[in-house]
Amino acid sequence: MDILYLLIPLSVVLVLFVLIALWWAVHKGQFEAMEGEGERILRND
Amino acid sequence: MNAAYALLDDPQSWAAFSKPFNSVPSPDAASSATWESQVVVQGMHCAACALNVEAALCSVPGVKQATVNGATHRAQITWSAHEVRPSQWLDALSRAGYQAVPANDFVSRQAGQAQVRQQLWRWLVAGLCMMQVMMYAWPVYVAEPGDIAPNMLSLLKWASWVLTLPVMFFATDVFTKAAWRDLKHGRISMDLPVALGIWVTFIVSSAAVFDPDGLLGGEVYFDSLTMFVFFLLTGRWLETRLRERTAGSLEALINRLPQSVQRQTKQGGLETVALHQLRVGDVLQVHPGEVFAADGELLQGHTWVEEALLTGESAPLERHAGDTLMAGSHNLRETIHMKVLRLGEHTRYADIVRLMQSASLHKPRLAALADSVAKPFLAAVLLAAGLSAALAWSTSPGHALMVAVSVLIVTCPCALSLATPAAMLAAAGRLARQGVLLRNVQSLEGLAQVDAVVFDKTGTLTEDRMVLQTLITPQGVWHLNDAASPLPSAVLKLAASLARHSVHPFSRAVAQLWPQTEDCLPMQAVQEEVGQGVSGRVVNDQGQAVRELRLGALAFCQSGQAPCLVPLKALTAQVHLCDDNGWLASFEFLERLRDDAVQSLQALQDQGLKLFLLSGDTAAAVDRIANRLQWPQAQVQARCSPEGKLQFVKNLQAQGLHVAMVGDGFNDMPVLAGAHVSFAFGEAVPLAQARSDVVVQGHHLMAVADTLALAQRTQTVVRHNLIWAATYNAVCVPLAFMGYLPPWLAGLGMALSSLVVVLYSLQLARPPRTNTLATQKG
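So the sequence lines, in the order shown, correspond to chains R and D.
Going by the working numbering, the first sequence opens with residue 1, and the numbers climb by one from there.
Going by the working numbering, the second sequence opens with residue 1001, and the numbers climb by one from there.
A couple of the hints might just be wrong.
[As the list claims (entries may be wrong)] The calculated lysine-lysine pairs, modelled on DSSO-like cross-linking and capped at a C-alpha distance of 30 Å, are:
| # | chain 1 | residue 1 | chain 2 | residue 2 |
| --- | --- | --- | --- | --- |
| 1 | D | K1266 | R | K28 |
| 2 | D | K1266 | D | K1493 |
| 3 | D | K1650 | D | K1610 |
| 4 | D | K1650 | R | K28 |
| 5 | D | K1339 | D | K1493 |
| 6 | D | K1184 | D | K1375 |
| 7 | D | K1266 | D | K1375 |
| 8 | R | K28 | D | K1177 |
| 9 | D | K1177 | D | K1375 |
For the record, the hints were derived by calculation from the structure and aren't laboratory data.
Quick caveat: nothing in here was measured; it's all calculated off a predicted structure.
Construct the complete structure from the given sequences, taking the supplied hints into account.
Here it is, written out as structure tokens:
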């Protein structure tokens, strides 16, 4: 179980990275206009 | 090219809907090469439309990026000022079939958007960290003592501590800042116990991480802390969303007027000018689908308009030449020409916006009231928390502090303070969508207590508009029905010249008989005696005042200097005209009962209300109406002066009745002010002057019954809310005090209790399913 001594700090670092990614997403407006992006793929151009 | 768009090519106008697109803000914004603009796109129905709009915009060379939000119908365009002008991409948009108007509230909306993003960010931080902290806490909960090695335990505590830091820095700042701001101003608010609870928990748990053998013990509460913050933020997030839904119609109303209009030049051509360049008297061309920029008169043609947001009347209305058009309403069918009568501040649209803004300004006062009640309560909460900590201190100081935290959080009177405003705002929002404006949200309380309704007749039970039935002059009698003989123009011109100075329904009817306002005779010393009549002196070509004219009730005309002998056959007519030499004419008008008068009175009676009818009109005219409505004789009074009406209402109040007065807002000022609550009713109420509590726009009398019924339902909802909030606190406080309630559960309870209050209040915001809502009393 010694691997936990590595995995737990790693999980902390991982969460911090996810937080950074979320910060970017929120402040770039990625959560606004949620429907439009999904239908972009149906566009015929 | 659309000429309106050409105006937008002037760099001076860009700042209104754009901002320079630079990562570093340049001091000279106008010289910026790249701009970011926002426009509101009309005619968008679905997400596919959003993609079409984007494609159309991106096809223009020089447009670097275009993103469209399908929900808000807004497009954000990044473009290079060296390569392209706004008119070019706006044109591309109209070729694709979409009209766009610049979003002039761009800057203020950006501030709002930043706030929404910040709120979302806080919520995500709290949520993510809560989940991970819970992962570290879980093994400790399920393992037998001794199963986990001590250094593994301390590693888990450290990991939890690290992931609680973002929550403390990014998510809880909203509580801490608010509590600190209030403390600095010597106030205690609901954020204080929350902030205190958060920080006490954090300090106790941090002490356990760094010094497990210290005074506060080795127990950590990071899972409770993060969960509590997450629940609280979730509650706030949902609350904001719900509130936006109930009070959102104001924004739709404010952003209505077009920024540029087409004006007719002297040569008969058309020019496109900005709204602020318009002057009263200008002639505008308005296309179908456009919004009228000013109050005015339809000059020629015939069209249909939609005034839903202004009057609550959702059906299209027909407008003929000579009819009034309202700023902010939509032209639906034909291209028409209108003459501008009132602009900007003076339009009815501006009045409505002002009224709605002032009604929403009353909100802080309501919140302040809640805060003042909360103050002694909060002091008691702090005391109780301290006491509970002191009692448990001897067994374990760390545990004692956590009990105190639970007490702090669970007693927070959020639900209690939301109980009243949440319900009232929901009700006021719904009324506003139906064209019923409350001057002040609190008047809903007064409305709920009403047990007698006093109606004025003219303009209330009957329509504002009068139809001329008979005209009697010394030369003869004219009937409306025989169109063969034209009405005598000289006497009409005299009467209309005087009548147009008054807004009384009779005066307006007389004034309409002579539509050529430009060749009306100039008048001097015009005086109106409320409810009686209007007098003035005709000015001749030399500018001297010559003959005095009096127009009004019989008694008013006879009170002039000259004897006014009205022939017997004209005595029953409503309006008489006389001058220094005596009687000139009598006008007899026919009133039209409102379409829904019978139905509304029935609905009011079903609500158990006593109904009274007061009128300044003759007994015969009032009886005619009363008979058609089957009104009991005892509750009808004719020939009331304004003072008489006030006296009548005072007598009712002396009998212990709560009286609502429904009047047209012109002649009933004293009695409207004297009643407990008052409705100003009718299409032409001068909003700025109306001192009534409720302004009913449009012409549905049913709105009175609906408003009273909704006020009663609001009262019921408020009562339920208060009972629920008080019960919640009464049950949870003893539990927390005895230590049965961990902080996370306290937080969940607090967030849920507030949400229940808001959700329960939302039933008031739903529009009525049928027109007979008023009959389902409740």
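The hints, checked one at a time:
Taking the CA atoms of K1266 (chain D) and K28 (chain R), the gap is near 51 Å; set against the 30 Å cutoff, the hint is violated. A hinted pair counts as satisfied when its Cα atoms are at most 30 Å apart, and K1266 (chain D) with K1493 (chain D) qualifies at roughly 29 Å. Taking the CA atoms of K1650 (chain D) and K1610 (chain D), the gap is near 15 Å; set against the 30 Å cutoff, the hint holds. Between K1650 (chain D) and K28 (chain R) the alpha-carbon distance is near 63 Å, which puts this suggested pair outside the 30 Å criterion.
For the hint pairing K1339 (chain D) with K1493 (chain D), the CA-to-CA distance comes to about 22 Å; that is within 30 Å, so the pair holds. Proposed proximity of K1184 (chain D) and K1375 (chain D) is supported: the alpha carbons are some 15 Å apart, at most 30 Å. Straight-line distance between C-alpha atoms of K1266 (chain D) and K1375 (chain D) comes to about 67 Å, which puts the hinted pair past the 30 Å bound. Between K28 (chain R) and K1177 (chain D), the direct Cα distance comes to roughly 25 Å. Compliance with the 30 Å bound is thereby established for this hinted pair.
Between the alpha carbons of K1177 (chain D) and K1375 (chain D) the distance comes to roughly 18 Å, so the proposed pair stays at or under 30 Å and holds.
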